[in-house]
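Protein chains: 2
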Amino acid sequence: MQRMIWAVVIAFIACLAVGPVLLPVLRRLKFGQNVYEYAPESHQKKQGTPTMGGWMICLVSVAVAAALHLGGWAPRTDMMLAALLLALGNLCVGFADDMSKIRRKHNKGLSPKQKMLAQVLLGAAFAFYCYAHPQVGPRIVVPFFQTEWDLGWFYIPAAIFIIVGTTNSANLLDGLDGLLGSVALVDAATFGLLALFAAGTAQGNDQRELMNLAVLGCAVAGACMGFLRFNVYPARLFMGDTGSMFLGGVVVALALLLRLPLLLPLIAFCMLISSLSDIIQIGYYKLTHGKRVFKMAPIHHHFEKLGNPESKIVAMYTIVTVLLCLVSLLSVAR
Amino acid sequence: MQRMIWAVVIAFIACLAVGPVLLPVLRRLKFGQNVYEYAPESHQKKQGTPTMGGWMICLVSVAVAAALHLGGWAPRTDMMLAALLLALGNLCVGFADDMSKIRRKHNKGLSPKQKMLAQVLLGAAFAFYCYAHPQVGPRIVVPFFQTEWDLGWFYIPAAIFIIVGTTNSANLLDGLDGLLGSVALVDAATFGLLALFAAGTAQGNDQRELMNLAVLGCAVAGACMGFLRFNVYPARLFMGDTGSMFLGGVVVALALLLRLPLLLPLIAFCMLISSLSDIIQIGYYKLTHGKRVFKMAPIHHHFEKLGNPESKIVAMYTIVTVLLCLVSLLSVAR
Chain P
1 MQRMIWAVVI AFIACLAVGP VLLPVLRRLK FGQNVYEYAP ESHQKKQGTP TMGGWMICLV
61 SVAVAAALHL GGWAPRTDMM LAALLLALGN LCVGFADDMS KIRRKHNKGL SPKQKMLAQV
121 LLGAAFAFYC YAHPQVGPRI VVPFFQTEWD LGWFYIPAAI FIIVGTTNSA NLLDGLDGLL
181 GSVALVDAAT FGLLALFAAG TAQGNDQREL MNLAVLGCAV AGACMGFLRF NVYPARLFMG
241 DTGSMFLGGV VVALALLLRL PLLLPLIAFC MLISSLSDII QIGYYKLTHG KRVFKMAPIH
301 HHFEKLGNPE SKIVAMYTIV TVLLCLVSLL SVAR
Chain L
1 MQRMIWAVVI AFIACLAVGP VLLPVLRRLK FGQNVYEYAP ESHQKKQGTP TMGGWMICLV
61 SVAVAAALHL GGWAPRTDMM LAALLLALGN LCVGFADDMS KIRRKHNKGL SPKQKMLAQV
121 LLGAAFAFYC YAHPQVGPRI VVPFFQTEWD LGWFYIPAAI FIIVGTTNSA NLLDGLDGLL
181 GSVALVDAAT FGLLALFAAG TAQGNDQREL MNLAVLGCAV AGACMGFLRF NVYPARLFMG
241 DTGSMFLGGV VVALALLLRL PLLLPLIAFC MLISSLSDII QIGYYKLTHG KRVFKMAPIH
301 HHFEKLGNPE SKIVAMYTIV TVLLCLVSLL SVAR
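Residue numbers (my numbering), protein chains in the order written: chain P, 1 to 334; chain L, 1 to 334.
These are calculated hints, taken from the structure and not from any lab test.
If you're wondering where the values come from, they're calculated on a predicted model, not measured in any experiment.
A few of these clues could be false.
Computed from the model, here is a short list of chain L residues facing chain P with C-beta under 8 Å [as the list claims (entries may be wrong)]:
#: 1; residue: V9
#: 2; residue: I10
#: 3; residue: M99
#: 4; residue: I102
#: 5; residue: G178
#: 6; residue: M225
#: 7; residue: L228
#: 8; residue: V232
#: 9; residue: G307
#: 10; residue: S311
#: 11; residue: S331
#: 12; residue: A333
Using 27 Å as the maximum straight-line C-alpha spacing, the simulated DSSO-like pairs for lysine-lysine come out as follows [to be verified]:
#: 13; chain 1: L; residue 1: K295; chain 2: L; residue 2: K305
#: 14; chain 1: P; residue 1: K46; chain 2: L; residue 2: K305
#: 15; chain 1: P; residue 1: K113; chain 2: P; residue 2: K286
#: 16; chain 1: P; residue 1: K305; chain 2: L; residue 2: K45
#: 17; chain 1: P; residue 1: K305; chain 2: P; residue 2: K45
#: 18; chain 1: P; residue 1: K286; chain 2: P; residue 2: K115
#: 19; chain 1: L; residue 1: K286; chain 2: L; residue 2: K46
#: 20; chain 1: P; residue 1: K45; chain 2: P; residue 2: K113
#: 21; chain 1: P; residue 1: K115; chain 2: P; residue 2: K30
#: 22; chain 1: L; residue 1: K305; chain 2: L; residue 2: K286
#: 23; chain 1: L; residue 1: K286; chain 2: L; residue 2: K113
#: 24; chain 1: L; residue 1: K45; chain 2: L; residue 2: K30
#: 25; chain 1: L; residue 1: K46; chain 2: P; residue 2: K305
#: 26; chain 1: L; residue 1: K45; chain 2: P; residue 2: K45
#: 27; chain 1: P; residue 1: K45; chain 2: L; residue 2: K113
We treat Cβ as the ideally placed atom computed from N, Cα and C, and that holds for glycine.
Start from the sequences, fold in the hints, and give me the full structure.
Shown next as structure tokens:
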């Protein structure tokens, strides 16, 4: 518990320390954002704001989690490592995307096929890892029903779908100043708490594994909080795909390792509606040959077009996330 | 623990339900805000926004706390009642202030002397209650040092000073859309958690008393979250002095009942700096016959004058509060 709080506090302070060094470097490297050409007009002024702040979130949370992991060292603690590998793999996909956007000076990155292939491979590796791990396996928890559900071999494709879906949803959610940062903060902290509760009933090495996951969640939450200091409206730094893919990776890795993917629709609700609104919009557009459900997708741009300031949308998304995360905590709290 | 989460969730939903009923009523009663004439110019457009949203926070949190209290009924559970009486007393002072402002159609309420007298009397009653209560008494916890400090009879004036200081500081902090709501949300939730930790080592009726305080903290946090839905920039509803005095009262009551007033400089840091910046500004102005330390006091208006948007200042205050509250939780977490 103390280690978890320290993780948040240290990661936050580390971000504050890293920020003033990172910002001029990114600016010198000309890692400026090219605003997506179809974004609302008000976003054009964001052109040139440094991006790839995701490196800050990533480096800080990895360093803090690793340092605090040493404090609770156990002979076999590979779950945190696996979660970080998935997240870092996704970060690399996002980074490649960011780089090619900057090189080509417009808002298009890797080809969708290349991106998808890399994500599916990463997802498959992680799904096999979970399937084979004695502490995880294909039995997932059914929250609120005190029961478990054995998916058998079907666990593998389901997990790949969940991993690819969640990371891409996180990527889509990253469209307003501070939006994904705030939502991911709450999500990571919630999984940290869920890991703590799970550790309460585990023993020995299993318990240490879970406590490491709790520390990882808190380190990521702290890093998000520090990042928000530079990212709240008006943003001085964006996380880029680098950051959104990393955060999506962390969230989905924690969900699978804690055998709680069924809580994702609650905890990652805001990410989910970004994807769903995009799918609905495109599907309806194709079906009706040109009609739209939302003024703009993902849905946070729809709310923006309705005249809400960015900061208000971010506040509402955060409140909804906090509430749904509390409900998800009800599934384990006594 | 479950009751605490339910308190947040139910209070939040209740606020969402009450809001659409309350807003037109307040507007019909012409309970509009008269903007403080010395506020930054950008605040003039807030003229006429309904105020006294504090009633929503108050009624909802009292109702929820009372309802959930029944679930854990104990023969002698007067601590929650005492906390609520202090908060309601302060609410009445704030309400009288709001009413006289509206009647006289400018931003001046009760005379400072009348207000102070009422606050000191309320504070004295609560201080005596704490002093005489077997579970509270004049021994306060010295956090981080695993020791206690017996204040003896000096507890009474100290407690009165803390009560009057905190409620007035909360009142001063209420100057930007969503500011006090966000800070008080985090503060109340933190005291809820601190009460939960304290209950962990208590027994029997003492434990139930502490759990009731935990539920009260969470109910207030949930009500603040629901209130924020109407109060984040651009605000459609203000809490008024009614709300700020109530929230200040709840926070300070929980601090004293948990014997943790020494944590207030951490947990209520943002409230504290509002008062301190005001005192420094006025003192320096009188001393130097006209010079100023801050562009404007309380200090959140100073940040505003430096060109930061309201929403950013609120986000920063919230982040700082979360961080300091986490540090204060370190004092009890194992």
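Verification of the hints:
For V9 (chain L), the shortest C-beta to C-beta distance to chain P is roughly 6 Å, which falls under 8 Å, so the interface hint holds. Because the beta carbon of I10 (chain L) sits about 11 Å from the nearest beta carbon in chain P, more than 8 Å, this interface hint is broken. Because the smallest distance between the Cβ of M99 (chain L) and any Cβ of chain P comes to about 30 Å, over 8 Å, the interface hint for this residue is violated. The restraint placing I102 (chain L) at the interface with chain P is violated, with a minimum CB-CB distance near 27 Å, outside the 8 Å limit.
Hint status for G178 (chain L) relative to chain P: holds, with the closest Cβ pair at about 7 Å, below 8 Å. Against a cut-off of 8 Å between C-beta atoms, the interface hint on M225 (chain L) holds, since the closest Cβ of chain P lies about 6 Å away. Below 8 Å, beta-carbon pairs count as interface contacts, and L228 (chain L) has one with chain P at about 6 Å; its hint therefore holds. The beta carbon of V232 (chain L) is positioned within 8 Å of a beta carbon in chain P (closest approach about 4 Å), and the interface hint is therefore held.
Of the supplied interface hints, the one on G307 (chain L) is violated, with its beta-carbon coming no nearer than about 10 Å to a beta-carbon of chain P, more than 8 Å. Hint on S311 (chain L) holds. Least Cβ distance to chain P is approximately 3 Å, under the 8 Å limit. The beta carbon of S331 (chain L) is not positioned within 8 Å of any beta carbon in chain P (closest approach about 10 Å), and the interface hint is therefore violated. Taking 8 Å as the C-beta cut-off, the interface hint given for A333 (chain L) holds, the closest approach to chain P being about 4 Å.
The straight-line distance between the Cα atoms of K295 (chain L) and K305 (chain L) is roughly 7 Å, inside the 27 Å bound, and the hint therefore holds. Only pairs whose Cα atoms come within 27 Å are accepted, and K46 (chain P) paired with K305 (chain L) is accepted, the gap being roughly 23 Å. A distance of roughly 21 Å separates the Cα atoms of K113 (chain P) and K286 (chain P); the hinted pair therefore holds under the 27 Å criterion. Restraint check for K305 (chain P) and K45 (chain L): satisfied, since their Cα atoms lie roughly 22 Å apart, inside the 27 Å limit.
Proximity of K305 (chain P) to K45 (chain P) is assessed by CA-CA distance (about 16 Å); at most 27 Å being required, the pair is judged to hold. Straight-line distance between C-alpha atoms of K286 (chain P) and K115 (chain P) comes to about 24 Å, which keeps the hinted pair within the 27 Å bound. Between the alpha carbons of K286 (chain L) and K46 (chain L) the distance comes to roughly 31 Å, so the proposed pair goes past 27 Å and is violated. Our distance criterion of 27 Å between C-alpha atoms is broken by K45 (chain P) and K113 (chain P), whose separation comes to about 31 Å.
For the proposed pair K115 (chain P) and K30 (chain P), the alpha carbon gap of about 24 Å is at most 27 Å, so the pair holds. For the proposed pair K305 (chain L) and K286 (chain L), the alpha carbon gap of about 22 Å is at most 27 Å, so the pair holds. Between K286 (chain L) and K113 (chain L) the CA atoms are separated by roughly 21 Å; this keeps the pair inside 27 Å, and the hint holds. Annotation: proposed proximity of K45 (chain L) to K30 (chain L) holds, straight-line Cα distance about 16 Å (limit 27 Å).
Taken as a hint, the K46 (chain L) and K305 (chain P) pair is honoured in the structure, with Cα atoms around 23 Å apart against an allowance of 27 Å. For the suggested pair K45 (chain L) and K45 (chain P), the alpha carbons sit about 25 Å apart, so the restraint of at most 27 Å is met. Restraint check: the Cα-Cα separation between K45 (chain P) and K113 (chain L) comes to about 51 Å, which exceeds 27 Å; the hinted pair is violated.
Hints 2, 3, 4, 9, 11, 19, 20, 27, counting from the list given before, are not met by this structure.
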